[in-house]
Amino acid sequence: MSVRIIADNIISPLGETTDANVESVRQGRSALRVHRLPDMPEAFVASLFEQPVTFVEGMIRTIEAALDNARSRGISIDPAGDDVLYVFSSTKGNVAEMQRLGTSAEEVSTHFGSRRRPVVVSNACISGLSAQLLALRMLRAGYARYAIVAGLDVQGRFIVSGFQSFKALSPEECRPFDGDRCGLNLGEAAACMILTADDTVAPGQGWTIRDGAVRNDAVHISNPSRTGEGCLRALQQVIDPECRPTCISAHGTATLYNDEMEAAAIDRAGLSEVPTFSLKGYYGHTMGAAGILETIITLHSVCQGWIPATRGYAEEGTSHPVCVSGHKVPAQGRDVIKLLSGFGGCNAALRYSDQALDTPVRTIGPDALRTLCSVHLSPAEMPEGMTARYKAQVGDYPKFYKMDPLCKLGFLAAEELVRMANDGADHSEDRAIVLFTRNGSMADDQAYLETISSPDAYYPSPAVFVYTLPNIVTGELAIRHHYHCETSCYVLEEKDWSLIHNIIATTFQDRGVKSVLAGWLDYVDDEHYEADLAVYEP
Amino acid sequence: MNIEELKNQIIDALNLEDLKPEDIDNDAPLFGEGLGLDSIDALELIVLMEKYYGIKLQNPAEGKQIFKSVNCMAEYIDAHRTK
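Heads up: the sequence lines are chains A and B, in that order.
Each residue of the first sequence is one higher than the one before, starting from 1 at the first, in our numbering.
Each residue of the second sequence is one higher than the one before, starting from 1 at the first, in our numbering.
Simulated from the structure, these hints should not be mistaken for laboratory data.
By construction, the Cβ of each residue, glycine as well, lies at the ideal position given by its N, Cα and C atoms.
Some hints here could point you the wrong way.
[Stated by the list, open to error] Here are the computed distance ranges between Cβ atoms for each label pair:
#1 Glu62/B with Glu172/A: 18 to 28 Å
#2 Gly32/B with Ala20/A: 49 to 59 Å
#3 Glu17/B with Ser454/A: 25 to 35 Å
#4 Lys399/A with Gln58/B: 48 to 58 Å
#5 Pro52/A with Asn59/B: 24 to 34 Å
#6 Tyr401/A with Gly32/B: 37 to 47 Å
#7 Gln65/B with Arg29/A: 41 to 51 Å
#8 Asn26/B with Gln393/A: 33 to 43 Å
#9 Ser325/A with Asn59/B: 26 to 36 Å
#10 Cys182/A with Gln65/B: 34 to 44 Å
#11 Gln27/A with Asn26/B: 53 to 63 Å
Using the sequences and the hints given, assemble the complete structure.
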């Protein structure tokens, strides 16, 4: 069964349609400019919308435009239909209003009349690829006829100050893979693609998502693995040794460590001679939109016969060879790999081609899930509090004290689970971590806001900022238990077990996954939290 | 400067809950072995120096020298503090 991309849209500072964006990249145009925000001491270079866009507005606009794009190809989709699944990709959503990601998502899906619960993928910078992977799996499993996958992050004081505190921003236009690269630029964009597994819809049209995988470095919550462990593993899951890819659309953030890590992974995978590029020099890092936007640009440019230039690149700057060019080069073939990596140690690789998929994919339903063991933690079950529980039951992992409460909760629950599930076997390569949350990192978001509350008390804390990504808990667990397999974090407005079990079951479509540590993890304050986790096997 | 106070600030900023000031050797390396600190901790020490001593460190690479030990850090602060 082939899942195809049958329509798309990009709204960015470079244009309001996919075609306008592809043409801008072809001509080498960039929207990176120097910006200043009120109450922020330092200027920064970013690609921002001229007129500020809210999260909900931006999402609605790109979805409407993608539906129009489908219509123009003769495909009529009822966005209110029960056969349409909405998957959103965002790291911080409407953080300016401190709105939960799930609340924003439901505002968007109900705008289109949908009665189905939307899923928000909040897997840091790989969210846009994780969202496509989730949609791919849900369509293969028959949970929908169409999936609308849309990504957006809006840049503002919260995110910009956080990246500044990480000293990750370049004072000039970024230079991916270049020897003089010195950091990333942030960007704003909204992007949407519509997927279907129905062969009768626009037969033969659109690219096929052939495969995808997420793997974790299991080494650090913000630094990528120097040897590209997770990225290499994700790549190895999707590459076909018989078929040399046309190109690799890399993450290429232009930070010292990311590009070095990606080059290491690409080289170790035997792909150092495959044309590789980054689009960050045109758009900056658009975070939740990046995976969707960069996939769309890549597929359209290859369709037109060219591989984008890496804007800002002049000279080789990684210790592993990688085939990057500052000029566009002709595209030979139609088999493309897209990579992203993010905080929490997560790495994603997806592969696209114009060929239909002829290999069968294992799909199992939620009824086939076997619960190996489970654990439930709430204030009633842990009256002594999390720190006392840690001291009594663990005690030898001081990093616990650095974690935000969501991570502490997940850590304590997983300690018990992994102990119970211990069968003497090594699960470092085959146990996935898949968590669902309602409030995500809201408690830590509030804590971070307090570090930037006023111009007189403006000391953005990198140690607090890193935990404002809800998926960091999956990274903490991967590090603690040395799990290199998939790590995913989904935000749902309600604890919808039927949907949660469906998604957990689809994780087994990844051939490398043998068991999944998964479930509900939510923290509001010390009186209101819940961990309801289990280890599942097919 | 008050070394004891600086150590307390470090313990507080880096959430080194199990440690007391006397556990930190004035001359021992802060990074590498010892306290098990990482790159986020180094960035957090930069914030500490700005917050309490008004020192703005633009290039995080400079931290490598400054954070060699508590004594090194104290010397740097004494020489550069603006508050």
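Lys399/A versus Gln58/B beta-carbon gap, inside 48 to 58 Å or not: 29 Å, violated
Status of the given 26 to 36 Å range, CB of Asn59/B versus CB of Ser325/A: Roughly 31 Å apart at Cβ, these two residues keep to the hinted range, so it holds.
CB-CB spacing for Gln65/B and Cys182/A relative to the 34 to 44 Å hint: Hint violated: Cβ distance 20 Å, outside 34 to 44 Å.
Cβ separation of Glu62/B and Glu172/A, checked against the hinted range 18 to 28 Å: 20 Å, holds
Glu17/B versus Ser454/A beta-carbon gap, inside 25 to 35 Å or not: Holds: the Cβ-Cβ distance is about 28 Å, inside 25 to 35 Å.
Asn26/B and Gln27/A - C-beta distance against the hinted 53 to 63 Å: 59 Å, holds
Cβ separation of Gly32/B and Ala20/A, checked against the hinted range 49 to 59 Å: The hinted range 49 to 59 Å holds for Gly32/B and Ala20/A, with Cβ atoms some 51 Å apart.
Pairwise beta carbon distance, Gln65/B to Arg29/A, judged against the given window 41 to 51 Å: With a Cβ separation near 42 Å, Gln65/B and Arg29/A satisfy 41 to 51 Å, so the hint holds.
Verdict for Pro52/A, Asn59/B (Cβ pair) under range 24 to 34 Å: Cβ of Pro52/A to Cβ of Asn59/B: about 32 Å, so the range 24 to 34 Å holds.
Cβ separation of Asn26/B and Gln393/A, checked against the hinted range 33 to 43 Å: Once the Cβ atoms are compared, 34 Å apart, the range 33 to 43 Å for Gln393/A and Asn26/B holds.
37 to 47 Å as the expected CB spacing between Gly32/B and Tyr401/A, which holds or is violated: 20 Å, violated
The structure is inconsistent with the numbered hints 4, 6, 10, although it conforms to all the rest.
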